[in-house]
Each structure stands twice: as structure tokens, then as C-alpha cells.
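Take a look at the letters that make up each chain.
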Amino acid sequence: MSDLKEKGTKEKKDRGPVRFLIFSFVSLTLVTLAAFTALAHYLNARSSDTISQVGEVYMKNLSQQISMHFETTIDLRLDQVQTIVNDVRPAFERENTGREQVLEELAASSKARGFVQLGLMSYDGELEMIYGDPLQITDPEPFIRSLTEGESKVAVGTNPKENDKNMVLLGVPSDYLMKDGTACLALVATVDTEYIADTLSMEADDSLVYAFIIRGDGSFVIRTSGAFRESYFDRVRNIYEDVDGMTGEQYIEEISGAIQRGEDYSTEFTMEGERRRVFGTPLPSSEWYLLTFMPYGVVNSIIDHLGETLLLAAMVCCMVIFMALGVVFFLYRRISLRQLADTEEAREAAENALTLAVDARREAEKAQSKAEQATKAKSEFLSNMSHDIRTPMNAIVGMTAIATANIDNTEQVQSCLHKITTSSRHLLGLINDVLDMSKIESGKMTLAYDRVSLRELMESIVSIVQPQVKSKRQKFGVSILDISSENVLTDSVRLNQVLLNLLSNAVKFTPEEGEIQISMKEEPSPKGEGFVRVLISVQDSGIGMSPEFMKHLFDSFAREDNARVHRTEGTGLGMAITKYIVDAMGGDMKVDSKQGEGTKFSLALDMEIADAPEVDMVLPPWNMLVVDDDKALCESTVKALTSIGVSADWTLSGESAISMVEEHHKRREDYHIILLDWKLPGLDGIGTARELRRRLGDSDIPILIISAYDWSDIEKEAKAAGINGFISKPLFKSTLFYGLRGYAGVDDIKPDVPKDDGRESFAFEGTRILVAEDNELNWEIASELLSEFGLELEWAENGRLCVDMIAKSEPGTYKAVLMDIRMPVMNGFEATEAIRKLGRTDSNMPIIAMTADAFSEDVQKCMEAGMNAHVAKPIDVREVCRLLKKYLSMQ
Amino acid sequence: MTLQECYAKLEGDYAAVSSRLPSEKFIQKYVLKFAEDKTMELLEEAWQNGNFDEAFRAAHTIKGMCQNLSFARLEKSSSALTESLRGGKSPKAEELLGQVREDYALTADTIKEYKAGL
Chain Z
1 MSDLKEKGTK
11 EKKDRGPVRF
21 LIFSFVSLTL
31 VTLAAFTALA
41 HYLNARSSDT
51 ISQVGEVYMK
61 NLSQQISMHF
71 ETTIDLRLDQ
81 VQTIVNDVRP
91 AFERENTGRE
101 QVLEELAASS
111 KARGFVQLGL
121 MSYDGELEMI
131 YGDPLQITDP
141 EPFIRSLTEG
151 ESKVAVGTNP
161 KENDKNMVLL
171 GVPSDYLMKD
181 GTACLALVAT
191 VDTEYIADTL
201 SMEADDSLVY
211 AFIIRGDGSF
221 VIRTSGAFRE
231 SYFDRVRNIY
241 EDVDGMTGEQ
251 YIEEISGAIQ
261 RGEDYSTEFT
271 MEGERRRVFG
281 TPLPSSEWYL
291 LTFMPYGVVN
301 SIIDHLGETL
311 LLAAMVCCMV
321 IFMALGVVFF
331 LYRRISLRQL
341 ADTEEAREAA
351 ENALTLAVDA
361 RREAEKAQSK
371 AEQATKAKSE
381 FLSNMSHDIR
391 TPMNAIVGMT
401 AIATANIDNT
411 EQVQSCLHKI
421 TTSSRHLLGL
431 INDVLDMSKI
441 ESGKMTLAYD
451 RVSLRELMES
461 IVSIVQPQVK
471 SKRQKFGVSI
481 LDISSENVLT
491 DSVRLNQVLL
501 NLLSNAVKFT
511 PEEGEIQISM
521 KEEPSPKGEG
531 FVRVLISVQD
541 SGIGMSPEFM
551 KHLFDSFARE
561 DNARVHRTEG
571 TGLGMAITKY
581 IVDAMGGDMK
591 VDSKQGEGTK
601 FSLALDMEIA
611 DAPEVDMVLP
621 PWNMLVVDDD
631 KALCESTVKA
641 LTSIGVSADW
651 TLSGESAISM
661 VEEHHKRRED
671 YHIILLDWKL
681 PGLDGIGTAR
691 ELRRRLGDSD
701 IPILIISAYD
711 WSDIEKEAKA
721 AGINGFISKP
731 LFKSTLFYGL
741 RGYAGVDDIK
751 PDVPKDDGRE
761 SFAFEGTRIL
771 VAEDNELNWE
781 IASELLSEFG
791 LELEWAENGR
801 LCVDMIAKSE
811 PGTYKAVLMD
821 IRMPVMNGFE
831 ATEAIRKLGR
841 TDSNMPIIAM
851 TADAFSEDVQ
861 KCMEAGMNAH
871 VAKPIDVREV
881 CRLLKKYLSM
891 Q
Chain P
1 MTLQECYAKL
11 EGDYAAVSSR
21 LPSEKFIQKY
31 VLKFAEDKTM
41 ELLEEAWQNG
51 NFDEAFRAAH
61 TIKGMCQNLS
71 FARLEKSSSA
81 LTESLRGGKS
91 PKAEELLGQV
101 REDYALTADT
111 IKEYKAGL
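In order, the protein sequences belong to chains Z and P. First residue of the first sequence? That's 1 in our numbering, and the numbers climb one at a time after it. First residue of the second sequence? That's 1 in our numbering, and the numbers climb one at a time after it.
Hints are computed from structural coordinates only; laboratory data are not their basis. Backbone N, C-alpha and C define an ideal beta-carbon position, used for all residues, glycine too. Any given hint might turn out to be false.
Short derived list, chain Z residues pointing at chain P, Cβ under 7 angstroms [stated by the list, open to error]:
(1) I396
(2) T400
(3) I402
(4) S424
(5) L777
(6) S783
(7) R822
(8) P824
(9) V825
(10) A852
(11) K873
(12) P874
(13) M890
Extracted from the complex, chain Z is given alone in its bound form (with noise of 0.2 angstroms):
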């Protein structure tokens, strides 16, 4: 829409210029043309007025010529006259010649000089001819009076007897006698005006030029070609259309005029459509005025064509100059729209370079805003941690205190000791999982394989969590199903911190009377026969998490913020972690989860297979039975049993179990142990027990509770209703085994259940352990602490001292080494190594680091320089006799 918009203004600013361009160039050929067209029109003008210049100037000459002309030859037949003349005496000045005889010479003369006619004229101006036709003098006073004053003259006369054919008379003064004996005025001799015509070429054909000769009044002397009129002033009057702006009459008196007064006159007239000169100029010897005519006729047209051939040019030059004119435009055009393209094309660019920039900006304000997350997270961790710690750190000092102030008082006493212990260990978990991170992050946590009973662990977090669950009354279910292999090779304390982190989340967001389970089954795994893949999941009804957290679930520090868990404690270090580990090991982490609904994280991991220790495990051929809601559970230990000898029943309800007991009672096949789950759907473990014993009187049936609920919690209640003794789930064979072996009659060793206040026993009676320190005091304390537990300890101040105290003693004289690490003489590395290389039977004994530096590249050298463990000082009694009591018992 906005692009189409926008086109259209485009279009439409594109349209201006166009426009304008489209004006001017209009506008400039119109301007072009009228300027030529000016040009054409001036240039015609100037041609006509140098035309009539010219013609002016030309036909002046020309009349001078044509009159000079004239001039010669009259003067020339005047002079022939003349000679005729002064050759031929009159008779009266000769002797003896008679009249008759001057008038024949006179006549010879004349004839041999060509005259027409000859004749003498008398003062009264009659003519008297010697030869010829006679003729009548068309103007004879001014020929008399000029004649008579002796000048030579000449004048025109008519032949009546050739049709009033005009002669030119040529009369020269002299005294020849008349016939009636008077002297003539003078000669007279005659020639054709043709001749003078022709002699003046006053009609030649290659000529333009035309002239006539006429009289004052105006009538003609010599005419040419058209003029048929006796006066040339009628001529005018009849057929002149325009003289100059004048009318013929006006000509008439100008021309009149300048005739009498001698003077030359010129101008121009229009004749025939045709414009022409006319020159006239006096002739000398006569009464006569020539007028010499040229018709502009020829003149014009080559002026008019060179006024076309101008036009022509000038039409010419415009277009050549409207074609220059366009090609410029054209270019103009198209390197303004290459222009507009390259507008175009640069604000494509800009608009592209700004989305870059635009991007480029969202992407920095991204990892601003991811860095910024990241230090907000980081931020919002370390106040929590300031609150986790505190919060603890809070109960300790307090409890403290307050045990201090009561220390007779026993009973509070111990219950704050119990409230310390419980916020420290607290504490120790949140100071482990921030170092774990740390480990973490910095690429140092690795893994320590060993051998691991699945069995041993699921017995040690079920007895872990069991307070928590009971605490808040929430029923908790362990199933153990088709378990081939107990013994793997795993870390076992890194899984245990997997699962332990996933039980305790379930415990803390699981309200009370709610339901959490764990479950651990083994399928084949894909990695081939040495190797199982151990299946195991943790599910609860709690409060589950919303998808938008389950995104971040793994991410560190990490916490759902909402009211619902703000009271819950915790680094939030927990699930990345967890996650790193199970990543780690290889395995494959799910969570489902719906909000109200409950979590459910589901762990794949390939374990390798563990040699099985060399027990045999076999039970009589019992028969028994398992009473137990849970279908696959059931099947799952009858299984167990067969593999360790023992035939068994199953039943998901008390009732169902109480008719199978009695009917087998009755067909006297007693169950020779019945294992009863507590938590039963209608009548429930005890109820049951309470019921069979009832039913089946004196008889001595062992009846045993499998729950993985805390014994002690039932025991009385248990006992009194008749039930024997308890085994804790899971229920792993070597769990059955170790649990029922003492109703066969064999070894009386109860399985290590675990005390109720989750302190292991430790009893290392008699164990001889070497403590490498070079602080006094500090060996002091760690003496007096572990002695406790019955171990001997001995002391070495030096690394060199505890190398030399292992090499002289008897081989398994020491269980074990604590070492610290910085001691004079030789650190703890060095004389790690040093034993290491003793070669001797015990040279593999257990050495377990102590250092105050707690940092991970000194974890690390340790393991490098060949020790087995590492705590951190000041030393944590329990810690230091769970890491004997792991390496003593791999010896």
C-alpha cells in the first residue's frame, strides 16, 4: 500500500521535470523558429533594398553608357555629315559647278555613307530632298532654332509614304542653295531609328534591360518591344499599376519635369505584378530623354531563391539545431534517469545499509541484553547466595548461641546441635554446588569411575530422603524393576548428587501429602554386552513447572521466580549440575512437566557392567509370597527371588494375599515368608499382617514389611500387629538376599540399614593410618578428631619423613595416607609419587589429600601426582571416614 503510494508521488515528481523539459524544449523552437522566421523576413527585406540600390546604381551606369553610346554615334553620323558638308563646297564658292552638279556629289556622298534619305531644309523648315521618300518633321522648332544657331542637331521626322515609318534626321548648318536659289538652313540626312535602336542595343535579346527614348511631352522617339502607344505617358497611365507609392500622374509631372530641367531620375515601379527600375537621363544633341527599364523579374527570383535557400539554410539550421537540441535533451534525460536509477539505487543501498545497521544494532542490543541477563543473573545469584547463606549461617549462629546460653539443659541442647547439623550440612551443599559450578565452568570436574553397587546407592538416597518425605508426609514409592546387573562402573558420588538434587527438588516442590516416586530399571543398552543401560525416573505431583522456565531449566542459577517457590532455598545451581553430570556420563536427561500437575525427570544412562562379586547367593527352595499394589514391582521381585532360589506368588491387594495365604494353608503349603508392602490401597500392610496372624494362629510364618518408608516410624506398630522384621525397599536381590538369609537359618548379618539420623557408622578399630602434616596443631587436631572413630593414627612431619616411615615398616602396616600438601622438606605431591614408586605390596594404599587451598587445579594435581582423594581443611570429620571407609573397603 505504502509502495504503491509511494510510486504514485514518485511518478508524479518524475512527471515535473519531464514536463518542464517537454515546455522548454517547446518554448525554444518556437522561439528559434520565430527568430529565423524574423531573420528570413529582414534578410528578404535587406535583399529588396540592396536590389533596388543595386538596380539603382547598375541602371545609372548603364543609362550613362546607353547615353554616351547614343551620344558617339550621333555624333559620329553628324560629323559624316559634316565632312559631306565641308567636302562639298556650295556652288557659289566654286567655279563653273551648277547647282545640280553639289547636289549630285552631295547625294553620292551621302549614299556612300549609308543615309536613308537626303535633303535640304530651309529657315521656314521645309525640306527639299536630294533622294529619298520626303518626310514630315515631327517636331521641327527647337531642330530650326538649334540648327539656326549653328549647331548640329538632330530630330525625328515620319515617312507618310512608308506608314509614318520614324527616320532619325541628322541636320548640320549649311548654305547650299534651294531651288529657289535661297540658301538652306542646313543638311538633312536620315537613318532608321532601328539603326540607332540596334546601334544602342536598346532591345537585345540576352538583355533584361530595355530603354525607350521619348520627347518632353512625353511621346516616343524610339520604342521597343510592347509599347505600342504613341506617348509613353499614356503607356504609364494605362499600365503602370504602382510607381514607388505614387499614382501615374504624379510619375507624369515628376519625369515631366526632370525632362526640362535636364536632370537624371530614377525610381521604381510595378508592371505586370512585376517590380522594375526605370532610369532616365537627358540625351545630348536631341530634345530627347532615355529611359532605360530593368524588370527585377530574374533578380527577385534569384534574390527570392536565395531568400528560399536562406530559409531553407535556416529551417535547415534549426533543425539541425532542434535535432542537437534533442539528442541533449534525450542524453539529458537519460542521464538523469540513470540518475534517478542511481538515486534510486544509492537509496536502495542506504535503506539496505541502514537494515544492516538496524540489525546490527538489534543484534548488539541482543548480546548487550544477553550480557546484561547474564550479569543480572549473576547478580541476582550472588544475592541469593547471600541470602542461602546467611539463612543457615543465621540458624547456626543462633542455635549456637542459644545452646550456649542453655548448656544444662540437655534436651534443647541437642535439639539445636540437630538444627545446626542441619543448616551446616545445608551450608556444605550449597558451598559444594557453587564449587561444583565452578568446577564446571572452568572445564575441571571430571569423573571418577569406580565400582558402584546400584543396590548400596538406591539404599543410601532412599535413606537420605526419607526424613524430608516424612516431614512433609508424603508418600514415597521405590520401584526397582528387572535389575540384571547391581554392580556397575559409575562415579557413584557424582550420580548420587544427580539423583539426591532430583529427589530433593521433588521433596521441596511436592506440597505435603503429595507423591513422589523413584524408579530404576535396566534394559540392554545399545553399547554392547559388557554394558547395561540403567533406566531411572523421578516423579512427583507437585507444583511442576510452566514451559516458559522449563526452557531455562538447565541454565545456571536458575530459579522459577514466583511466589510459589520464593520460600524455597536453593542456589539454583542444582539442575545445571545435574545436568552436566548426566551429560558427562554419557546419558540422556527428560523432563515432563505440567503446571499443578507434577514433573517427571527421566534418566537414560550406559553403565558398564562391574565383575560381580564372588558371592554366592542362594536361598532355600522357599516359596513365597509378595503382596504389592504395584503390578510390575511385583513381577519384578518374583523374579529376583527365582534368580537367587527362591519360588514366589504375587498379589496387589491385603485381601487377595489373605485368601491365597489360607487356601495354601489350608492345602498345608504355607508360604514360608510373606512380604507385605505397607502403603496398600484398602486394608494396608499392617492390617493385613494383623489379620493373617489372626487367621492363622499359632503359626510362625515370617511376615515382612518391604516399604520404603522409615522402619522406626512403624516398628511398634508393626511388631505388635505380628510383623517379623522389614526390608527397605529398593528391593534389589541382593537386597532380598542379604534381607531374608536370616530366616534360613545361615549368618545372622543384618543388610546396613541405615540410622535414622543419617550418620553413617564408621568402625575402623585397629585400621593404622599415616598422617602427613607439618603443623603440630594441626596434626594434633586432626588426631584427636579421628581417633574417635578408632583409627591409630601416626604422624609424619614432612613429606621425606612419611616416604621413609611407609618404606621401613612391614607391608599393610598403614591402611592409608592423609596428606597435607605444602610441608617442607617434600610437599605432598612429591611424596605421593615417591610412594607410588616404592614398588612395594601396599605401594597402592589410599591417599587422601588435605589442603586449605581449595582450588580446582590443586584437586587436579593431586589426582595427576596419584592420590585417590582430596578434602579440604579444616577437615570434615565425616567426610574424611566416608573417603576411608570407600578406598579401605577397595583394598
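Once you have looked at the hints, place chain P on chain Z.
Just chain P now, kept in the frame of chain Z:
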């Protein structure tokens, strides 16, 4: 002067030590022993001799003892000194040693005072 008061004066963390070590008597025994410890003299001597490796170990030992007894103040300064000597003598070490001397004197004097009052 009680042991708690003694801890308060030398700026130790009695709550921490009492939660870790089994009894007051136990703590008292080692607090008194601390006053007789010769590591500080060892540190001074090593420093005088320019044996910073030895000085580092001595500082480290003091730090270790303080951790055991939760002598927070001296632990802090001795720990800082330890770090400054970990890679040989560093420019800050001199100043940090001064702090350790001061804190050690306070700790030792307080313990002597406590002992005198028993």
C-alpha cells in the same frame, strides 16, 4: 574471660569452630597451643633470609592452623599473604606481612590474656 570472649576479641568464629570440633575443652586446648606455635617466627626468619619459598610455606601453615581454629581475622591476612607468596615474592607481600604481624600479635596477645585468666 571466656573462650567465646577470647574468640570475639581475636575476631575468630566461635560458632564455626564449636560446630566442627567436639567440645569447648578440645578447642581450648588447641587455642592455647596456638600461642606456643613457632611458625610465625619461622615466617619472620625466612623473610629476613629472603627465602620466600619457606616464607610461603610458613604463611600457608599459619593459614591452615587458623582454618582449623576458625581464627577468621588472622586466617584472612595469612591467606592473602600466602597467595602473594605463591609464585615468589610479589610487590604486595611486604604490606600483607605487616597485616599478618598485626593480626598475629592480636591473636597471640588475646590468647595469652585468656590463658592468664584461667
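Hints numbered earlier in the text: which of these fail when held up against the supplied structure? Hints 3, 6, 9 and 13 contradicted; others consistent.
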